[in-house]
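In the order they appear, the protein sequences are chains Z and X. Counting in the working numbering, the first sequence runs from 1 upward without gaps. Counting in the working numbering, the second sequence runs from 380 upward without gaps.
Rather than coming from a laboratory, the hints here were simulated on the basis of the structure. Predicted, not measured: the structure shown is a model, and the values here were computed from it. Be aware that one or more of the hints could be misleading.
[Unchecked claim] Which residues of chain Z face chain X? A partial, calculated answer using Cβ under 10 Å:
1. 80
2. 262
3. 330
[Unchecked claim] A few chain X residues facing chain Z, derived, Cβ under 7 Å:
4. 409
5. 470
6. 577
7. 592
8. 672
9. 690
10. 693
11. 752
12. 845
13. 846
14. 864
15. 866
16. 869
17. 871
All residues carry an ideal CB built from backbone N, CA and C; glycine is no exception.
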Amino acid sequence: MRITTRFFYALFAVSLCAAACSSDGGADADARTNGDTAGEVVLAEPDVSEAADAPNQTFGDATDCPTLTLATHDSFAYSDGLFESFTEATCIEVEQVAAGDAGQMVSAAILTQGNPTADVMFGVDNAFLQRALDADLFSRHRSPLLDTVDSALQLDDQNRVTPIDFGDVCVNYWIDALPGDAPTSLDDLIDPVNADQFVTENPETSSPGFAFLLATIARYGDGWEDYWQALVDNGVTVTAGWEDAYYGEFVAGGGERSMVTSYASSPPAEVLFANPPVDSPPTGVLFDSCFRQIEFAGVLTGTEHPLAAGELIDFMLSAEFQQDIPLNMFVYPANGDTELPQTFVDFGALADEPLILDPAVIEANREAWTDRWVEIVLG
Amino acid sequence: MPAVFVAVLFIYPVVTLLARGLTVDAGRLGEVITTGRFQRVMWFTTWQALASTALTAVVAMPMTWAVANRRFGGRGLVRVLVTIPFVLPTVVVAGAFTALVDRFGLDSGAFRLRHTVWIVLLAHVFFNVAVVVRTVGGHWSQLPRAPEEAARVLGAGQWQAFRHATLPRLAPAILSALSIVFLFTFTSFAVVLILGGPRRATIETEIYRWAVTRGDIATAAALSVVQIAAVVALVLANIALTRRLASGTGTLDDRAVACTTGRARAAVATAIGVPGVLLALPVLVLVERSFRSGGNWSVANYSGLRERVRVLPLSAVDAVINSLLFGVVAAAIAMIVGGLGSIVVVHGRRSLSRVLDVALLLPLGTSAVTLGFGILISLDRGILDLRSSWWIVPLTQALIGVPFVVRAVVPVLRAIDPATREAAATLGASPMRVRREIDLRVGGRALVTGTGFAFAISLGEFGATSFVGRDPDHLTVPLAIARLLGTPGELLRGQAMALAVILMVVTAIVVLAGERLQPGAGSVL
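Work out the full structure, taking the sequences as your base and the hints as a guide.
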């Protein structure tokens, strides 16, 4: 049954491309030469005429314009009228619903798998990706614009999800409050000079907190436990979430600690939303600590409008949507052809070699790692 | 009607979720409750809730006494102002508490408060004093004073008179209010996470951890079963105790007396002022912060909210309107369901009365995760597919608001002297008329009190609604504050504080207006 369902969605994906990419006939062929698994080629091969058995998708026909629901996490933000040009071009209406943080959204989607509350989901990141894929949340869709995306961001070779944006979770420091030199490596955090300076978030309740734990595992391998023991010995403190770390313990909110787990894009936000205005950010980024977070969008299994949903994903990778991302969500656009705003160019450098782990490895070890982390850090 | 409301919006979703979880792995229940971690969590959850409840009672009773027994300027205002903590987002309150701790040097040496159980208890008191002051105070002010006067004439001291003449008649209302406080703190989530620090966990935070972070619904459901069982047991015990206590007879009149002597005025000032400081300080810190902009005093944070801030999908004004709209609708639903429910509990058939008494209270003691996820997987077909409807938000909020209405109204209705009803019936009033004339008039005040809470619950965005998908155009103030605090930048933080203050002021105005509309309000305000 599951295979049949998948099979039909694969057909939908193909027929969508036939409909939507008519101006770009090469896209379909690209899907087969661009590192996709042999499995998909086989699935996508059968006679397209079978697609006629599928529910009627009279697409582009003004008499039948579907309204799509786009489920996102609460942090999704965009400029006014962003979806209007999409609606004009395709006649597809878009309604957005915010469904909690990424963890809540994915857990809820798994519970409603097959009878989703939305057609497209945006915001599942590499920390939760494998769980979503294992639960068959998404149907395949290969966007013709995927070629503009760095292959390092494409984590699902079956194209069930499409990378939309990315950013780095990194240790930030308050330049004027450092006890010594600015830290340049993860090892500096366990230097006695920086005793009692670092605050991070609980990996079990915070997404940046979990990303930082993953960063240490990616860097030190099995030695991550010793590293955390050293962090504990050096006076690390832990909060439940980003807000109480950044605005509670960190200097930014009147706290006493000069280093905090935040994002590579926090310094540009500190400039953009400074009060009084400043020329350069009061914070800096420890690039050696950066863990790459990639956010994906996917067509939810069970949607009544798989073709239109695919179109929406294509739009999310288009220049118009991608240019809107940085200053609204403080992450980087996945489409490599996108021009970055000046604040990002000036202050928002990304790590050259970010730390990253395979989503399958993350999902397989999440419980063991966090249990062990609790033993070491919270005792 | 109240039974259908609870059955569809609460029992059906929760049972569906628990069934789903336990079908995955029925053995989890047995495994879970035998682990050491679970037993520690259960123990901590229970004792911190009991301690928070007791402490709330201690802090709130003097204030309750003053509000119920003395007329003084601003008496009505006190009843309204204590409600404010209810609507403040925990992350904002936590920030204010932390700032206070820093300012008074309570974070060093023996007085280290941060990440201790003490600050959790303090925060619970901060949030819950209103429940006691408003529900018990309302009942108390309507108690006839003759028994106390008789006791005093017979030579009893003030304390003895209170102990033997007042307390027994007040006990049902106190137990009723404290049961709310207990459930509230038993399911405490954000306060424990943020103020308690990473080492403390309640059964509520554990359910979240298993359901959301680890995606293990079987374990979350097992924990949820234990939580609900514990809550049912406690509610039943509370109800049994309340019913055993013969409640005194209340009337419509406000019996409070004016302060005639300087000593009486001083007593009122102390009774209000001492606990008042605890409630006011964190609020004042917020107000102060909202007027600080770029290191100066200014209203820039407020004026900045007139335009749409980049990280928000709509303007702050729209968020306030959304909050008010949800709040009024949720409060209206809670008032109708809670009011009718109270009548059934007091006058209905014994079995129905018992069941409804528990069922209407239960949503308050049930995990937001269980309820939120339950709604997603159960209300998903046909006309019941409310998942993406505008109504699901106020309906869910009303579910949490109903217990406040019922717990405020039931003790008052029970206290109506049966002789009054019989007299009315003898005089030829139909049963409907008796109910309308007597129950509604006597219970009206309590109904407004409870509805005020339901409104505040909605404005504070408690619990389960965060699991239901929300149209960003319906963003409310607490969610907007969370967004503003979710991006670095002093500008956004200042605006978040200003928005929190606006939320407080709006709440106070609406609750005050609501109380002025109530029958017999003139004598109270």
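Taking the hints in turn, this is what the structure says about them:
no. : hint : result
1   : 80   : holds (8 Å)
2   : 262  : holds (7 Å)
3   : 330  : holds (6 Å)
4   : 409  : violated (20 Å)
5   : 470  : holds (5 Å)
6   : 577  : holds (5 Å)
7   : 592  : holds (5 Å)
8   : 672  : holds (6 Å)
9   : 690  : holds (5 Å)
10  : 693  : violated (9 Å)
11  : 752  : holds (6 Å)
12  : 845  : holds (5 Å)
13  : 846  : holds (6 Å)
14  : 864  : holds (5 Å)
15  : 866  : holds (5 Å)
16  : 869  : holds (4 Å)
17  : 871  : holds (5 Å)
The structure is inconsistent with the numbered hints 4 and 10, although it conforms to all the rest.
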